[in-house]
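Participant: Residue numbers (this note's numbering), protein chains in the order written: chain G, 1 to 530; chain V, 1001 to 1346.
Because the hints were derived from the structure by calculation, they are not lab data. Quick caveat: nothing in here was measured; it's all calculated off a predicted structure. All C-beta atoms, glycine included, are put in the ideal place defined by N, C-alpha and C. Treat the hints with caution; some may be incorrect.
Listed below are the simulated DSS-like cross-link pairs for lysine-lysine, each with C-alpha atoms no more than 25 Å apart in a straight line [claimed, not checked]:
id: 1; chain 1: V; residue 1: LYS1002; chain 2: G; residue 2: LYS208
id: 2; chain 1: G; residue 1: LYS212; chain 2: V; residue 2: LYS1007
id: 3; chain 1: G; residue 1: LYS212; chain 2: V; residue 2: LYS1002
id: 4; chain 1: V; residue 1: LYS1007; chain 2: G; residue 2: LYS208
Pulled from the structure, derived: some chain V residues nowhere near chain G, Cβ distances all over 12 Å [claimed, not checked]:
id: 5; residue: THR1032
id: 6; residue: LEU1152
id: 7; residue: ARG1160
id: 8; residue: TYR1259
id: 9; residue: ASP1307
id: 10; residue: ALA1333
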Amino acid sequence: MSFTSYEFILAVAAVVVIYYSIPKRFQWMFLLGASYLLYFSADPSYLIFISITTLTTYLAAKKISRLSQEKTAYLKENKTTLDREAKKAYKEGVKKKQRLFLHLALLVDLGLLIGIKYTNFIIENINGIITSVSNMEPISYLDIIMPLGISFYTFQTVGYLVDVYNEKYEAQNSYGKFALFVGFFPQLSQGPISRYNDLSETLYAEHKFDTKVVAFGLQRILWGYFKKLVIADRVLIGLKTLLAAPENYPGVYFFVAMMFYAIQLYADFTGGIDITIGIAETMGIKVKENFMRPYFSKNIKEYWNRWHMTMGSWFTDYIFYPISVSGFMLKLSKKARQVLGENIGKRVPVYLATILVWFTTGIWHGASWNFIVWGLANCVVILISQELSPLYVKFHNRFDVEGKLWYKTFCVIRTILLMSALRMFDCYRDVTVTIKMFFSMFTTWNISALWDGSMLELGLNGTDYLIILFGVVLIFTVSMLQRRKQVRERILALPYPARAAIWLTLFVVVLLAGAYGQGYDESSFIYNQF
Amino acid sequence: MKKVLQKILPTIVVVVLVLAFLQELLTPKYMTDIIEGAMIEEYYDSEKNHDVLFLGDCEVYENISPCRLWEKYGISSYVRGSAQQLIWQSYYLLEDTLQYETPEVVVFNIMSLMHAGPENEAYNRMTIDGMRWSSAKWNSIQASMTEDENALDYVFPILRYHTRWSELTAEDFEYLFHKDPVTFEGYYLRVDVRPVTSIPEPKRLANYQFADYPMEYLDKMRELCDEKGIELVFVKAPSLFPHWYDEWEAQVDAYAEEYDITYYNFLELAEEIGIDYTTDTYDAGMHMNLSGAEKMSDYIGAKLLEDHGITDHRDEEAYVSVWEPKLEAYKKAIEDAIAEEAAKKQ
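Make a model of the complete structure from these sequences and hints.
Facilitator: Encoded structure:
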């Protein structure tokens, strides 16, 4: 189910045409059928896993929701007869039952995710210990199928369960509708991680064909393909060369790899999300935005508020806050204040929760140590900058630079460089190599490689570099314009021939300059693997 | 409705025209360097009055000259040959040809039986791209595609050739709307000489049995010829390499005998024909040059008249008016090629 396969593009076209051709009341049912069919075509066994998660979550949420309804009704009925203590006791009793169902469902959903994604990682680490301290035979790895998008749909179901448990909304009564929320095909491959209350607003609604809506969706899809095929997959050619033999590319090449990966990851991931949102949009369905010009961020915290936003907010809402206010943390906080004093003690639970969030973020991205180190490195930078914030305030007050354009630009570039450097853990997939290569920037002086023709030996020719440059400038320009008004709206305001020419030109650019088809390695979207 | 007519319809027309233009521009023209890619489509411009159709790979289009067959025997023939033409491609080219005419004899070069399955996209392209759209083309695509290929790339060649925009040459613009003929009724003229000095040692094979897939298509070809009342004839060109194994020969012999098919193995007939491997090949024994091809044509032409009932049309105006200009052009091309070759040697 690769977004860039002809089969997928044709399937989407067919889905959209049929979607608007059938009676509106059947639209969501058709979408569920189409989603499952596409998922089945990727690998029939995937359906088993997603069905287990869907059914478990559906039943548990229904039970939790029914208990809530019964509780409300009971309390209403016995409003006058129950005293405060009795009400509290009753509520606690209900909550206990709900918690049981919540935990059972989480056990199944997260158990599947952890079992599938992390078993071999755990075995690998156990083997590492076994072989270093004894002559025991290492444990054999398991041949486990990794269902497409399991991390995304599991997080969606966990969010849904917790929200129902917290009575944010009631559980969905229709199994089919809930199954569509979990398995809606455009977002199965790489997210975003949708919230039920957001997505359900338009997912089940009946949609009448609207030229503007469909055109906007198609334009968004086209923009996504431009980013993915013209930029990301082209940069990937050079990046692969640099990563294939790191020892041959130290010094300035590390910096080039950093920049290549920054461009490639952004174009790949945002391109994929554009395609996802665009496909949904053609059917009138609104999927939440996942990026808000992250490379315009002035610090790392802001960056994480703008990059993969649905993941960030998921971690905040379902890991950071619950942990921060858990009984254990409250006790720990109290103890820490007593032992370490008010100033340091109050930071302990926040720091612990932050570390746990970033550890989880790291391991969510991949079952290997490089991702864990990457996550924790982000955590360290965030905590340090948090601790240094009084110093920044002093500096800003003393030199009056905060509003200045040059200073903002400096902060933006600093953040890009910092994030790009940290991301190299993900790139080389090896902590030692990454650290070694990072320091080679300061020990190997080969800056002339930037202009002596060496850059043309990475698999990219002059035309490729020009296309990449053109693509980056175009994305930057679009991002700048987007700050005030959606670019598609701006284009819509132009006379018809002008806007038709713009979209046709973009289409032709994707068609001709896209790095697809024979001669290019099939490169799936980076976030598919999660 | 008015909106559709005013906006959407013109937009669709413009988009289609732009894409069609780009596709034409980007598709390789095969006019100067690798001309083998332009051979298949030339057939559609020829007069459809052929009594004999030759099918196969380079062992056919370099070895048989239809102009010579006309000049010497009055035979109207065409070579639908292409580089590394696989047997299923030959079969579908036969199906394709039968949409336009029904020859009396189909001569098939059996060398392609050695290929067990799809092999190479570039060669597939050179055979398939030039075919006009029909079920035969679609089936040929399906039968020929390697694992990495996608049928949609054949339907819309722009998807395959989209990257050529950065390597377009003057040839792409010159031959955008027209093409020059590169063969003489399917024959690829070469006058240069490179004598045989040594013959590569044949490799030992793990299995000498022809695979089921090519044999399946041999059956289909035979059945189709039977159905249409066409006589099928097998040939093996006198190429010294790739090696033609005795085990392969035995299988072809057995098949030909079982179905009463005439089979000419020119490797065995080379001496009788008068093939001189010091003068009749342009690449040290793999392909015939003009001299070798004319000797081959002389031999098979006589056989076609004597043993296969093919008519000499040299006294029929309808044929003469078509073939004589071709023969003239052919002779002129030979003169030019010989002069060019001589100039190269000086």
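Participant: Out of the numbered hints, which ones does the structure contradict?
Facilitator: 6, 7
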